[in-house]
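**Student:** From first to last, the protein sequence lines are chains A and B. Under the numbering used here, the first residue of the first sequence carries the number 1, and numbering increases by one thereafter. Under the numbering used here, the first residue of the second sequence carries the number 1, and numbering increases by one thereafter.
Simulated from the structure, these hints should not be mistaken for lab results. For clarity, every value in this text was computed on a predicted model and none was experimentally measured. Please note: incorrect hints may appear among the correct ones.
Claimed, not checked - In silico BS3-like links for lysine-lysine, alpha-carbon gap of 27 Å or less:
id	chain 1	residue 1	chain 2	residue 2
1	B	K64	A	K75
2	A	K10	A	K92
3	A	K5	B	K418
4	B	K18	B	K64
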Amino acid sequence: MPLSKDDVQKIAFLARIRVPEERLDAIAGELNGIIGWVEQLAEVETGDVEPMTSVVAMPAPLRDDVVTDGAIADKVTANAPDPIGPFYAVPKVVE
Amino acid sequence: MSDLRDLSIADAAEALGKGETSSVELTNACIAAIEANRVLNAFITETPDLARARAKESDARRAKGDAKGPMDGVPIAMKDLFCTEGVRTTAGSHILENFVPTYESTVSANLRDHGAVMLGKANMDELAMGSSNITSYYGPVKSPWTRLGANVDLVPGGSSGGSAAAVSGRLAIAATGTDTGGSIRQPASFTGIVGMKPTYGRCSRWGTVAFASSLDQAGPLTRTVEDAAIMLQAMAGHDPKDSTSLPFDLPDFRAACVPNVKGMKIGIPKEYTLDGMPAAIKTLWEQGVEWLHDMGAETRDVTLPHTKYALPTYYIVAPAEASSNLARYDGVRYGLRVEGDSLDEMYELTRAAGFGAEVQRRVLIGAYVLSAGYYDAYYVKAQKVRSLIFKDFSDAFEDVDVLLTPTAPSAAFALGEKMDDPIAMYLNDVFTVPASLAGLPAISVPAGLDGDGLPLGLQLIAGVCQEQKLFRAASALEAAASFSAKPGGV
Numbered sequence: 001m002p003l004s005k006d007d008v009q010k011i012a013f014l015a016r017i018r019v020p021e022e023r024l025d026a027i028a029g030e031l032n033g034i035i036g037w038v039e040q041l042a043e044v045e046t047g048d049v050e051p052m053t054s055v056v057a058m059p060a061p062l063r064d065d066v067v068t069d070g071a072i073a074d075k076v077t078a079n080a081p082d083p084i085g086p087f088y089a090v091p092k093v094v095e
Numbered sequence: 001m002s003d004l005r006d007l008s009i010a011d012a013a014e015a016l017g018k019g020e021t022s023s024v025e026l027t028n029a030c031i032a033a034i035e036a037n038r039v040l041n042a043f044i045t046e047t048p049d050l051a052r053a054r055a056k057e058s059d060a061r062r063a064k065g066d067a068k069g070p071m072d073g074v075p076i077a078m079k080d081l082f083c084t085e086g087v088r089t090t091a092g093s094h095i096l097e098n099f100v101p102t103y104e105s106t107v108s109a110n111l112r113d114h115g116a117v118m119l120g121k122a123n124m125d126e127l128a129m130g131s132s133n134i135t136s137y138y139g140p141v142k143s144p145w146t147r148l149g150a151n152v153d154l155v156p157g158g159s160s161g162g163s164a165a166a167v168s169g170r171l172a173i174a175a176t177g178t179d180t181g182g183s184i185r186q187p188a189s190f191t192g193i194v195g196m197k198p199t200y201g202r203c204s205r206w207g208t209v210a211f212a213s214s215l216d217q218a219g220p221l222t223r224t225v226e227d228a229a230i231m232l233q234a235m236a237g238h239d240p241k242d243s244t245s246l247p248f249d250l251p252d253f254r255a256a257c258v259p260n261v262k263g264m265k266i267g268i269p270k271e272y273t274l275d276g277m278p279a280a281i282k283t284l285w286e287q288g289v290e291w292l293h294d295m296g297a298e299t300r301d302v303t304l305p306h307t308k309y310a311l312p313t314y315y316i317v318a319p320a321e322a323s324s325n326l327a328r329y330d331g332v333r334y335g336l337r338v339e340g341d342s343l344d345e346m347y348e349l350t351r352a353a354g355f356g357a358e359v360q361r362r363v364l365i366g367a368y369v370l371s372a373g374y375y376d377a378y379y380v381k382a383q384k385v386r387s388l389i390f391k392d393f394s395d396a397f398e399d400v401d402v403l404l405t406p407t408a409p410s411a412a413f414a415l416g417e418k419m420d421d422p423i424a425m426y427l428n429d430v431f432t433v434p435a436s437l438a439g440l441p442a443i444s445v446p447a448g449l450d451g452d453g454l455p456l457g458l459q460l461i462a463g464v465c466q467e468q469k470l471f472r473a474a475s476a477l478e479a480a481a482s483f484s485a486k487p488g489g490v
C-alpha cells in the first residue's frame, strides 16, 4: 500500500526532520518510488536463511573493564552549539 | 624533476630516498596545483600550512636516517569523512560545517604515523551518500576529464569525488576514500585511476563519520595498483577501538603485486550486465577476459544468481543503518543547531536545515523500514537476501580465485544528468554494491577509454581477506591494459 501524506508526516516525525506541508506530496512520491522498487525482494525465497550479521564470523571482542580515559569535558563539549560550563544546554524539557 | 606531481607513491619514495627531491618540494608542487585548480572544487578545506610543516618534519626524519617507509613525505588528499584533530571535518554536510574534531581517526592517524603529508580535506557527497559528488553542501566537484571535442563539465563520480579528482588531476599523489556501496571504485573508474576497497574490517572505522556501519570501509585511490597496496598497508590494521576491526596481522600487500596470473582461475559472472549498457564497456570487459587468458589465467563463466537483488537490498540496509547513525545529529552535542520552542522542534528544525535532500530521503526511508511493523518485512528480509548474495560469492570462490566485471555501467556523465530520478542515480553502483554487501575486497583498475575519450574501469573481486590474490590479478590487468591516458591539461 503506497505511503500517504499522513504516513510521510508520521515518518518525518519519527526521523525528527521537519517537512513543510507543501513538500509532503512530492516526498511521498519519491519514497513510494523507492519502496516500490525495493519490494521486489519479496520474490526471493528466504525461508530458513539466517540474516547476515558479519563477514568474518568472530566472537564480539571484550576489553578489560578499566577506565582508559576521562577528565576531558572541555574536549567533549568543544563543538557543542551552546554549552554552559562543562555541560550541554538544551531548551527547557520539564514544564 | 619536472613532473613531481605525476610520480607514483613508489617512484616518489624512491626519489625521496635517493635525495632527488624532498617532501617539501613535492608538497609545494601539489599545493601550487591545488591553488591553480580550485575550479575543480576538489577540496573543502585546504591545509597548506599543516602540509608544509609535516613535509619539513618528514625531510628532517629522512636526513637523520629515520624515514618511516614508502609513505613518508608523500602528499595525499584526505576525504573529508575522516576526523582530523584540529582540522575542520564537514563530511560534505551543512550540519558539520563548523565541526573541528578534538581527535584523529585511526586511518588518518595511521597514515600520519607513516609520515604521509595531508594536503587538505577532499570534497565528497554529503555524508558519503551519492554517486556523482553533487550532493555536497560545498558544491559539486568537476572532473578534470572532458569528452573529446566537447566542453561539458563532467562528474568525477562519488562519493569520494574530490579524492578521485585530486588524484587524476595530479593535485595529490594519492588520496583516501571510503566505500559503502562503490564510493571508491566508481569514482576511480570515472577518472581513470585505481580505487581499492579492502575486506570489511581491514581498516578501522573509528573516527570516520558513519554512514552505514556494516558496509563502510576505507581504502586508497591511487594511480597504480602497487600504490594502492603500499597505501593500504599504511591505512589498515587491527584497532581495538572498532569492534568490527579484523584482529589479523596484515600480509605484505606490495609483495603480492606481481603481474603474473599463470594458473589463476578468473570467474566471469554473467549477471554483470545491464540493459542499455554502452557497447564500449562490454567490449572492454571481453578484452579484459582475453588479456588475463592470454597471460596464462584460466577464465571460466560463473553465476551469481542473486546479483539483481543486490541494489534493492542495499537500499534497505544502507538507509536503515544511516537513519540510526544519523540520529546523533541532534543539535545538542556538536554540529548545527536551529533553535526551537521545544526539544523536538529543535531536533526537527536542525535536521531539516542541516541535511540536504538526498540525506533526508535516505533517513526517511530508513526510519520507515525500521519502524514498528515493517522491520521484519524490510530490514530482516534484506539481511536474509544479503546472506544469499554472500553465499553466491562463497560458492563461486570454491571454483575461482577472483572475479572480473565492469566497475560501473557507464562512463562519467555530465553535471546535471540523472539528477531527477533517485533510482537512475542508484544504478551507478549496480556492479559495486554486491561486493560491499558481502564485505569482499574489490579493486577498480583503469583499463581503457570509450569513444568520447573517457576512462572506463574493470573491477576485480576476491574472497574474504584474499587481497593478495586481488593485487596479483590487478597487477596483471594493469600491465595488460597499460592505461596511460591523462585528463586534458595534466
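**Student:** Given the hint that K5 of chain A pairs with K418 of chain B, test it: the Cα-Cα distance must not exceed 27 Å.
**Tutor:** Status holds; Cα separation ~26 Å.
**Student:** Checking one constraint from the list: CA of K10 of chain A to CA of K92 of chain A, max 27 Å. Satisfied?
**Tutor:** Measuring from Cα to Cα gives roughly 24 Å; hence the hint holds.
**Student:** K64 of chain B and K75 of chain A: Cα distance at most 27 Å?
**Tutor:** Between K64 of chain B and K75 of chain A the Cα gap is close to 35 Å, so the pair fails against 27 Å, i.e. violated.
**Student:** For a C-alpha distance cap of 27 Å, please report whether K18 of chain B and K64 of chain B respect it.
**Tutor:** Roughly 14 Å separates the two Cα atoms, so the pair holds.
The earlier numbered hint that this structure contradicts is number 1, and it is the only one.
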